[in-house]
Amino acid sequence: LAALKKDQDNRFDLVFIDWKMPGMDGLETSRRIKAMDGIAVKPEIIMITAYDLSELPSEASEASQIGINKHLTKPVTESQLFDVVMDVFGAGGDKSFAFSHDGHKGLISDRSADIKGAKILLVEDNEINQQVAQEILQQMGIEVDIAGDGLQAVKILKKIKYDAVLMDVQMPVMDGYEATRQIRNNLGLVNLPIIAMTANAIIGDRKKSIDAGMFDYVTKPINPVEVLEVLVKWIKPKSRSTSGTDKFNREGFNSDKLPWPDIPRISLTDGMTRLGGNRKLYRKLLSQFCDINIIVRPLLINLAQMLESGSIKCVKQLRVLDSHLSNTKLEKQFQQLRKDVDMFDMDSALGRLKAIASALEISL
Amino acid sequence: MTSFAEQQKVLIVDDTPENIHILMGILEDQYDLSVAINGEKALKIAAMESSMDLILLDIMMPEMDGYEVCAKLKANRKTATIPVIFVTALTADETEAKGLELGAVDYITKPFNPALVRARVKNHLEMKNYRDKLEEMVREKTNELMITRDVAIELWVR
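Those sequence lines, one after another, are chains A and B.
Mapping the first sequence onto the working numbering, position 223 (from 1) lands on 223, and the numbers just tick up by one.
Mapping the second sequence onto the working numbering, position 61 (from 1) lands on 61, and the numbers just tick up by one.
Chain A with its partners taken away, still in its complex shape (with noise of 0.2 Å):
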């Protein structure tokens, strides 16, 4: 409450407020929110909660008398955000902004569910790296193969089919140039979307793979976000059997025939001279949370289990955390994790790790 009053400057259009929370809760502070003094446009209010609200019809209709008509359930997901945030800017009346971006690069959510079903071969040598690569996929409903180098790559292509191929370009044995180069000559899979991986933006790298015939590149450490793009980019749509609601949420999106919930509008021009800065917003905010709910929660699930056994695979599990978890606010208490384990005392460990996934409201 205190940040909006500070920041009445720089204002908020929209909150995002935990249901459960000491001292005042969500409910509470939405009223105090709306019924605020000095402040121009009252911001939307999403209410984050762990119950699913159908279930609990008086505090649902209480919220919605505060004017609260949109929550989220724990844990939030990628496309369980974008979809409420959606829902509740897109009733400004413009909701063309989102959909009309670039053509093709419109919604996260809804294209994920193009490609969802395809198969995917990973060719990569380094095995953290395909622990993470393989979980960003998964998470996109993709099929994942993986090959150790390019000549297992080439020799699986000899008998499987994939949709689409993520190269790495530098690894043993065979690399991603010659590994392609095959797969292109001598299998003669010319139609073949195969997708390098370089290492930071080297564009010398970018060129020696479009050179060698890859069609795209995305650059390490992946992001998700961006294979998505990719993927979706080169992945032909097929007639996959997706689920009811999937189809429902893409036609309702994409023919207005969704019916707007009915929230206090935001003024169009008002919005439209917001709308630039809002979408960085909304893309730091997803890609945010894609790092937090597709790579690190099942990361900190299978490192839980690891320290519930004592298994000593915990101990490069902590090396594929360290790089989401260093440079962060958390640092201070994965490294005092790190410690425990150098310690072997995994229980110690096992308490610090799940106050760091409190933190991140992530539940193991």
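You may find that some hints are simply not true.
Each pair of labels, with its calculated beta carbon distance range [stated by the list, open to error]:
#1 B:Arg131 with A:Lys329: 50 to 58 Å
#2 B:Pro17 with A:Leu187: 44 to 52 Å
#3 B:Asp150 with A:Asp347: 44 to 52 Å
#4 A:Lys159 with B:Glu140: 43 to 51 Å
#5 B:Met146 with A:Pro172: 50 to 58 Å
#6 A:Ile156 with B:Thr109: 25 to 33 Å
#7 A:Lys313 with B:Glu126: 18 to 26 Å
#8 A:Gln170 with B:Glu68: 49 to 57 Å
#9 A:Pro172 with B:Asn129: 32 to 40 Å
#10 B:His21 with A:Lys155: 32 to 40 Å
Worth flagging that the hints you see were computed from the coordinates, not collected in a lab.
Quantities reported herein were computed from a predicted structural model and do not represent experimental measurements.
By construction, the Cβ of each residue, glycine as well, lies at the ideal position given by its N, Cα and C atoms.
Please arrange chain B on chain A, whose structure you already have, making use of the hints.
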């Protein structure tokens, strides 16, 4: 992804991280290792669903010592068949006898001799493999016998 699933599982129980590090260095290439720094955690891990194939158990530990852990392992049906190798700096025959009485299969003494550690661990894991296979065979044969008996009884009743 890799062949972790095929590796046999060894639990190292020791209150000193240095010892754990040394044993890890000797064994981690070949086995799926877990560690516990006290008896309580060791008993918890040993009783978990995916059980251990072998336990390396330090004798001198604060609170619950290795003898007590071993006795408790042997008293629990779930963990009684896991072979235990004691790890000790004590070399007196007397302590060795005490451990063997409790059901331990062998001893490893500190400071560690890597070749010896590897050989003893390998031997006992192989023996456990044979025993598991034998038990499986006995179970199968018993089943067959039961079926034969049931059929025989049925025929006789008719």
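Hints the structure violates: just list their numbers, smallest first. Violated hints: 4 and 6; rest satisfied.
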